[in-house]
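So in our numbering, spot 260 of the sequence shown is number 283, and the numbers just go up one at a time.
A couple of the hints might just be wrong.
[To be verified] Cross-link-like lysine-lysine pairs, in silico, BS3-like; alpha carbons within 30 Å at most:
| hint | residue 1 | residue 2 |
| --- | --- | --- |
| 1 | LYS195 | LYS207 |
| 2 | LYS157 | LYS116 |
| 3 | LYS157 | LYS203 |
| 4 | LYS207 | LYS116 |
| 5 | LYS195 | LYS157 |
| 6 | LYS195 | LYS116 |
| 7 | LYS157 | LYS305 |
| 8 | LYS207 | LYS157 |
| 9 | LYS116 | LYS203 |
| 10 | LYS116 | LYS305 |
The hints are simulated quantities; they were obtained by calculation from the structure and are not laboratory data.
In this text the structure is predicted, and so the values were computed from the model without any measurement.
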Amino acid sequence: MRVQLLSLLRCILELSVNCFRYLYILIALSNLSSTRLKLVWRRYLALGDSFSEGLSDPYPDGTYCGWTDRTASYLSSIQSDFQYANLAIRGRKMHRIIDEQVPIALEMNPDLVSIAAGVNDALRRNWEPISVVKKYEHGISQLRRNGIEVLIVAFGDPENRGQLAGVRDRLKFLNNETVKLAQKYDCRLVDFWPERGFDHDVFWSDDRLHLSSLGHEYAAKAALHALGLHDDSWRNPNIEFPPDPNWVGRRISDFRWIWDHMAPWAIRRIQGRSSGDGLLPKRPQFSPMLPIN
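Generate coordinates for the entire structure from the input sequences, incorporating the hints supplied.
What follows is the structure in structure tokens.
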């Protein structure tokens, strides 16, 4: 009798353990399903400056694609009713991005917003870092208070890219504060600062300031990784880099850069103009996103 009782208790114990095990699996699967649902966004809106507008990654018709369009294209491929808009305009500084683009974003009711800003401020003589960061926080906090998922981009280290090396300390400050804001407001983050894979010229356009088409392609992979939709292979691009130009080739390239890009930029600064003056957003309203070939 005692043996039978022990055997019965053992069976009950094993049954209980199995029940708890199956219950745990069901809960885990339920949480996984919920997480996956949260990872699928239907209305994506990009804010910012030339980086988010897509310079210098042209479509065949001359308009710009960029990492935001590429990110939207992937999201569209996994979400049938997906829509995308882009309010970014080249040359925009922080206060105009936050004061002009964020209020429109709130009215458009997106469920995912990407924002990258501050580099144009760092390039100006009247750099006001505290004011820039406060304005950035104001915009991010507004978006998050309205329940919008926010993807923030922290820009890369220009140490090995001479054209921006002179403002490295400014960009480092901006990067550090951007990372802090992402953590404070529980935002998705792409942090390019520690990544050295983007130092090669192949990732940059002729103006040495904006990403090339290849650079935007990898930036989109980085964004999708931050959204939980891609692996981290973007950190170590599997690319056969072309050989570096010789001294003469580099000097010719430098001269062309000064004539074609640096001089016009300096003239605009002297005249108080911006490359984005008079321009409108390329996708001011939500619309379906076509695949990018």
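How the hints compare with the structure:
{"no.": "1", "hint": "LYS195 <-> LYS207", "result": "holds, 18 Å"}
{"no.": "2", "hint": "LYS157 <-> LYS116", "result": "holds, 13 Å"}
{"no.": "3", "hint": "LYS157 <-> LYS203", "result": "holds, 12 Å"}
{"no.": "4", "hint": "LYS207 <-> LYS116", "result": "holds, 23 Å"}
{"no.": "5", "hint": "LYS195 <-> LYS157", "result": "holds, 16 Å"}
{"no.": "6", "hint": "LYS195 <-> LYS116", "result": "holds, 17 Å"}
{"no.": "7", "hint": "LYS157 <-> LYS305", "result": "holds, 27 Å"}
{"no.": "8", "hint": "LYS207 <-> LYS157", "result": "holds, 13 Å"}
{"no.": "9", "hint": "LYS116 <-> LYS203", "result": "holds, 20 Å"}
{"no.": "10", "hint": "LYS116 <-> LYS305", "result": "holds, 18 Å"}
Checked against the numbered hints given earlier, this structure breaks none of them.
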